[in-house]
Amino acid sequence: MSVEVKKPGLGEIALTFAAISSTAFGGGQKASVRQQVLNRGWMDHERFMDGLEIAQVLPGPNILNLALYCGQRVRGIPGAVAAFLGASVPPFVIVLIAGALYFKFSSNPYVHGALRGCAAGALGLTIANALELTWDERTEWIRLVLVAITALTVSLLKMPLLLVLVAFGGAGIVHEYLRSRRKPRE
Amino acid sequence: MNSTVETVLHLLWTFAQLSVLGFGGGKGIIPQMHADAVERYGWVTSQQFTQFYTIGKLVPGPTTIFAALVGYAATPGRPIIGAAAATIGMFVPSSIIMVGFDSLWDRFQASPWRTLIAHGLAPAIVGLVWSSVVTIGRGAPASIVAYGITAIVVLLTLRTKIGTPLLILLSGAVGVAALR
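Just so you know, the protein sequences line up as chains Y and X, in that order.
Under my numbering, the residues of the first sequence are numbered 1 to 186, in order.
Under my numbering, the residues of the second sequence are numbered 187 to 366, in order.
Simulated from the structure, these hints should not be mistaken for lab results.
Worth double-checking, as some hints may not be accurate.
Below, in silico cross-link-like pairs of lysine-lysine (PhoX-like), each with a Cα-Cα straight-line distance of 20 angstroms or less [as the list claims (entries may be wrong)]:
1. X/K347 x X/K243
2. Y/K158 x X/K347
3. Y/K104 x X/K347
Residues of chain X placed beyond 12 angstroms of chain Y at every Cβ, according to the derived structure [claimed, not checked]:
4. S189
5. T190
6. V191
7. E192
8. F209
9. G212
10. T301
11. L307
12. S318
13. I322
For every residue, glycine included, the Cβ atom is placed at its ideal position computed from N, Cα and C.
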């Protein structure tokens, strides 16, 4: 099936991702990008899903990587630059405003209380995220062991991130490789 | 060397390293970022680190944009410069990798390495997220009310569809009433 692919202008690319990055949160961001990119006819669904996969495998925020992929697919390197600016400048400006307010008002007792409450809430979100991600690893006991060893060595021994990824990430990749030779994952 | 220039270079280098190691959307870099920003360079306190992380979750866009706030605090004379340095360090290196790989991507279409990396790295990333819980917990308030907020947010996140910003704002409202 051949789909008519439209070539957007660089401004359109930047503004599309600016609109998403200044309004969408968490998982909603990927859905927004998908909707925009497909509605605007920049690429077909299959191409988009390819991009989503690479965006999640490589380092960097998923939303930013996804924007780069889409920008590059439709307009090459200039498109990627436009997408980068659109996806990163609005959050930067918003967080700068938040920072200025933070340093101006954080000693105010009401703001101080609000910040402490927000911090307790953000801790809860992180715990919930850790629980959900751990649940996804329950398929094999060895994966749960790797989760536990990583958490303990980082928290107790302050193991550097690079070493963690090489040692425990590497162990996970080797395990996955050996497992896939026995029985390919669907 | 001018101290702002020196700090800017440290910010760029520190966040660039975190950027290229930011697998899993950057979920795993929090413990290392804390080790660098709080323990090594003293740019921010543990409490500020946790509050900046919280602001990162509260604003739209990637959570790791809170690197900008670390940079903002690190260069008190020129906060915008520090914030820009930290953000460039955090976002540009991983973006270059992403753009560079895209041209190779089609050649690896049928190759199994994508799944190998994604599935293989996952347990280490999840372990790092548990360490992030410890890291963020160190700068969170220690009181019965705060523990209660945390526990309720865990339950609401797992059991309902309430969005992240709303949960944090509600937590803040409880904080105004009870954590001043």
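The hints, checked one at a time:
{"no.": "1", "hint": "X/K347 x X/K243", "in the structure": "holds, 16 angstroms"}
{"no.": "2", "hint": "Y/K158 x X/K347", "in the structure": "violated, 35 angstroms"}
{"no.": "3", "hint": "Y/K104 x X/K347", "in the structure": "violated, 34 angstroms"}
{"no.": "4", "hint": "S189", "in the structure": "holds, 19 angstroms"}
{"no.": "5", "hint": "T190", "in the structure": "holds, 17 angstroms"}
{"no.": "6", "hint": "V191", "in the structure": "holds, 21 angstroms"}
{"no.": "7", "hint": "E192", "in the structure": "holds, 21 angstroms"}
{"no.": "8", "hint": "F209", "in the structure": "violated, 5 angstroms"}
{"no.": "9", "hint": "G212", "in the structure": "violated, 6 angstroms"}
{"no.": "10", "hint": "T301", "in the structure": "violated, 6 angstroms"}
{"no.": "11", "hint": "L307", "in the structure": "violated, 5 angstroms"}
{"no.": "12", "hint": "S318", "in the structure": "violated, 6 angstroms"}
{"no.": "13", "hint": "I322", "in the structure": "violated, 5 angstroms"}
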